[in-house]
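When the letters of the sequence shown are read in order and numbered with the numbering used here, they come out as residues 32 to 273.
Derived pair list, reagent style PhoX-like, types lysine-lysine, alpha-carbon separation capped at 25 Å:
#1 K258 <-> K59
#2 K207 <-> K138
#3 K58 <-> K254
#4 K138 <-> K59
#5 K61 <-> K138
#6 K58 <-> K142
#7 K258 <-> K58
#8 K142 <-> K61
Now the in silico label distances, taken between C-beta atoms and shown as ranges:
#9 W87 <-> K59: 41 to 51 Å
#10 D131 <-> V84: 40 to 50 Å
#11 L111 <-> A182: 17 to 27 Å
#12 V82 <-> K58: 37 to 47 Å
#13 C67 <-> S148: 15 to 25 Å
#14 I108 <-> T265: 43 to 53 Å
#15 L259 <-> W107: 47 to 57 Å
#16 D131 <-> I160: 38 to 48 Å
#17 Q253 <-> L111: 29 to 39 Å
#18 I160 <-> F97: 13 to 23 Å
#19 V79 <-> S211: 43 to 53 Å
#20 Q201 <-> L112: 19 to 29 Å
#21 F162 <-> I74: 22 to 32 Å
By construction, these hints were calculated from the structure, which means they are not laboratory data. No experiment lies behind these values; they were computed from the predicted model shown. Ideal Cβ placement from N, Cα and C applies to all residues, glycine included.
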Amino acid sequence: MVDSQNMDDISVTDIEPILTSSGNEFKKLKTIPASCIHLLIAIIFLLVAIVLVFIWPEEKNAQACFILTTCRGVLWIITLLFNSFLQRHHNNLRMNGFHDFHRTMVKHNGKAFCVVSGFNTILLVNLSIIFHNYGNLVWNSWFTPVTSIVAVLLLELFILITTHGLYIVQVYNFNKSASSPDALLGSNMPAGSLGLMQPDGNVAELLEKQADLIAYLKDHNQKLNQKLHSMQLTTRASSYNR
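Construct the entire structure; sequences and hints are all you get.
Spelled out as structure tokens, the structure:
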């Protein structure tokens with residue numbers, strides 16, 4: 032009688048541990064603050080470069096160049112850490128069952144890192160050409176290593192603002208929707224997203240979706256087993272107390 036009563040009291044959230052309120056409810060993708068911080072750091076470095084160009088005297092251009100190249104190295108390291116942070120959170124999307132949105136976010140993995148690395152390469156080549164062709168005479172020209180760094184930072188910041196802005200909007204809309212995992216949406220899912228292949232479908236994409244679904248269901252099954260085990264222990268304890 033106790034077992035029957037306990038089973039009747041089981042709600043939908045009890046048999047779907049992904050949706051319970053005990054730490055398994057919808058989890059927002061908390062990458063917007065990190066994106067804003069990374070963008071803010073890039074803006075700060077640009078402001079530092081502008082100050083060094085327009086305020087520092089020309090005889091200190093060598094020191095300014097050293098400071099800015101050091102800042103570029105620091106920005107590269109920060110971007111590397113930022114990229115690892117994004118990848119970790121994006122991978123959690125797949126494990127939580129948000130396969131389609133995970134594929135959208137994968138496109139952003141490494142974008143900032145590629146932008147910063149690419150402009151570092153451009154800047155390195157540019158500085159090498161300047162020093163090789165002009166030597167110390169370049170310090171008395173408007174096109175100096177310092178001004179070239181500022182030009183690179185301006186173009187880089189424009190690209191970062193664009194990519195980060197689009198990314199933040201996508202994450203904000205995802206967090207606002209608070210939708211259920213793909214596997215729990217049932218008939219609302221688009222055709223082919225859970226393994227059904229369209230006549231003109233992509234086999235590689237189908238296999239990727241099936242692998243995502245298998246990984247999600249394994250995680251879902253593990254949490255369900257843990258929930259059932261906890262319920263059995265509670266039922267046995269209640270029986271002993273009676």
